[in-house]
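A.B. asks: These are the residues of each chain, in order.
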Amino acid sequence: MSMIVTLDVRPMLAKGQEPFAAIMQAADALGPDQTLRLIAPFRPVPLIGVLRQRGFSFAEHPLGGDVWQVDFSPPPGALSAGSSLEAADWPAPLQLLDLTGLEPPEPMTRILAALETARPGEVVFALLDREPLFLLPQLRARGHAWVGNHAADASGYRLLVRRGADA
Amino acid sequence: MPGEIRMARWTPAWFAAGLGMLFLALILMAMGHGVPRAAWEAGESRAILHLLAVGWIGTLMIGASLQFVPVLTAVPVTLAWLSPVALGFWSGGALSLALGFWHAWPGAFTLAAVLLAMAAAMALAMLAPCVARALARVPMALLLALSLAGMAATVALGVAFALGRAGLVPLAPGPSLRLLHGFLGLGLWFTLGAMAVSFQFLAMFGLAPQPPRRSLGALTALAAAATLAALALPAAGPRPMLVASLAAVALYLGTGARMNRQRKLKKPDISLRGGLWAAATLGPAAMVLVAAALAGSQALTLAGGALLLLGWLSGLTLAFIPKIIGFLTWIEVFGPRMGRAPVPPTAALTDARRIASGLALWALGAAVLAAALAFGLARPAQGAALLLLAGAGIIAHETWAVRRLAHLPPDPLSAPPRILQITL
Chain Z
0 MSMIVTLDVR
10 PMLAKGQEPF
20 AAIMQAADAL
30 GPDQTLRLIA
40 PFRPVPLIGV
50 LRQRGFSFAE
60 HPLGGDVWQV
70 DFSPPPGALS
80 AGSSLEAADW
90 PAPLQLLDLT
100 GLEPPEPMTR
110 ILAALETARP
120 GEVVFALLDR
130 EPLFLLPQLR
140 ARGHAWVGNH
150 AADASGYRLL
160 VRRGADA
Chain H
0 MPGEIRMARW
10 TPAWFAAGLG
20 MLFLALILMA
30 MGHGVPRAAW
40 EAGESRAILH
50 LLAVGWIGTL
60 MIGASLQFVP
70 VLTAVPVTLA
80 WLSPVALGFW
90 SGGALSLALG
100 FWHAWPGAFT
110 LAAVLLAMAA
120 AMALAMLAPC
130 VARALARVPM
140 ALLLALSLAG
150 MAATVALGVA
160 FALGRAGLVP
170 LAPGPSLRLL
180 HGFLGLGLWF
190 TLGAMAVSFQ
200 FLAMFGLAPQ
210 PPRRSLGALT
220 ALAAAATLAA
230 LALPAAGPRP
240 MLVASLAAVA
250 LYLGTGARMN
260 RQRKLKKPDI
270 SLRGGLWAAA
280 TLGPAAMVLV
290 AAALAGSQAL
300 TLAGGALLLL
310 GWLSGLTLAF
320 IPKIIGFLTW
330 IEVFGPRMGR
340 APVPPTAALT
350 DARRIASGLA
360 LWALGAAVLA
370 AALAFGLARP
380 AQGAALLLLA
390 GAGIIAHETW
400 AVRRLAHLPP
410 DPLSAPPRIL
420 QITL
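Going line by line, the protein sequences match chains Z and H. When the letters of the first sequence are read in order and numbered with numbering that gives the first Met the number 0, they come out as residues 0 to 166. When the letters of the second sequence are read in order and numbered with numbering that gives the first Met the number 0, they come out as residues 0 to 423.
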């Protein structure tokens, strides 16, 4: 049975605080069997959009007055924090790299080398043993966009990188 | 970008401070101070013990946690700017504590209590939110949470003891309370934390599978049971605590051995081999400690403690210091050139044979010291301290060489980075 983490943002909004960061933090911290139950004094349309793009499913119920309850559930293999939200519009990857079984930092070097040979806008796909946490800041620093998640069966990590325009 | 894991900048400084206090303790031991020449209750023995536990392993544990807890949990550290402040307070507190024990100075105990409490609070403020946010998601986070709780409890008890020694609170801890303090520090904080980190290193650098969720859950449960038994020491005696601890050690070694058999990296480097040897020392260390408790032998307790602190915890730490610093230095120096120009392999930054000789001298020193303590022999203990000094000296020198890029041919495009700070 899934566990429900409830976040009522009405007190924050009443104090004039912006709840977006707290909501995203709570969403990122969810386990695979957990649901984030958001209570808000309005229907949070933009937030639903953002979390849907990150692969969350949702169910909403009006609670009377203007108050809404929205339950967000992370899909198996939700996208890592920092993933680009436009990946659905990217072209198919031209390079497919299987980097499993390589000792760090070899996977990092090969992805960056592949991006150097790609043209701006082209996409590289890589399969890794684990989330390349030290690579992701390098990608951002070089102006590339990326989107990644853990395989649902925990067999590895899948990463799509699109080469930036003037990287 | 929020949510992005960045390298901790101050790891080299934490490691250098810890190594400095290790050398201080070893020099004092080589000069004949502490057990077995002095009594175990003597101030100088306590000073050396706390230099090793708080000053060396404690400093390395916090420094390594600030680098690797975010990697283990995939959650960035909060308040990372506190790191150098915490380092200053922690090392000042450790030195002050040693001075307090050595000279029985109440003022030094008070200062140590204040500095260590503040430094531990800062470390917890940086690390606890990371671990808390990963609890539901990352099986390893449970182990880390328990280890951090061990840190908080160890420091809290230690601060109370120090204030007692300073005459500020009416507390003269008996053997049970002191054993609890030792269990929480060496067992829960250091050993459980080192178990989590060693699993991660084996998976990350040895390409082994992650430890099974079931094993991590069982390990956490056994560690929690041992802690409850340690809290019940005055009523239940040490046996329940020893049984639960032994079961946890057996489970750790069994899980690690299975992961090691499934490791995809066929030729492990010297750090991984050194780490595996250090992990193997945990078995004999635990058995000697159990034998000591059953026989009621202080000499055997000291020998088991030396195997735990110097064989297992220090062995693992020394094996990975050059590896971690090499990896961070490589990313710092060559990260921007990666993919654009040829870069040397990470292994080119280190001299594996020198590291192997340092680790071998260290292991020999730890074994000789344990035997010397078991038999109460002062001269061999001093000789062992010299071996340990030589081993740690080689590792420290090699780590310096890694940071200076000394094993690489000179290259105008890659100047050696700052020694104590990683600049990104």
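Errors might be hidden in some of the hints.
[Claimed, not checked] Per label pair, the in silico range of CB-to-CB distance:
hint	chain 1	residue 1	chain 2	residue 2	range
1	H	SER296	Z	MET2	48 to 54 Å
2	H	GLY173	Z	PRO74	54 to 60 Å
3	Z	THR116	H	ARG260	22 to 28 Å
4	Z	GLY15	H	PRO409	40 to 46 Å
5	H	PRO83	Z	GLY15	33 to 39 Å
Honestly, the hints are just simulated from the structure, not real lab data. Just so you know, even glycine gets a beta-carbon here, dropped at the ideal spot from N, CA and C.
A.B. asks: Indicate, hint by hint, whether the structure satisfies it.
C.D. replies: To see whether the hints hold, each was checked on the structure:
no.	hint	verdict
1	H:SER296 - Z:MET2: 48 to 54 Å	49 Å, holds
2	H:GLY173 - Z:PRO74: 54 to 60 Å	55 Å, holds
3	Z:THR116 - H:ARG260: 22 to 28 Å	38 Å, violated
4	Z:GLY15 - H:PRO409: 40 to 46 Å	59 Å, violated
5	H:PRO83 - Z:GLY15: 33 to 39 Å	35 Å, holds
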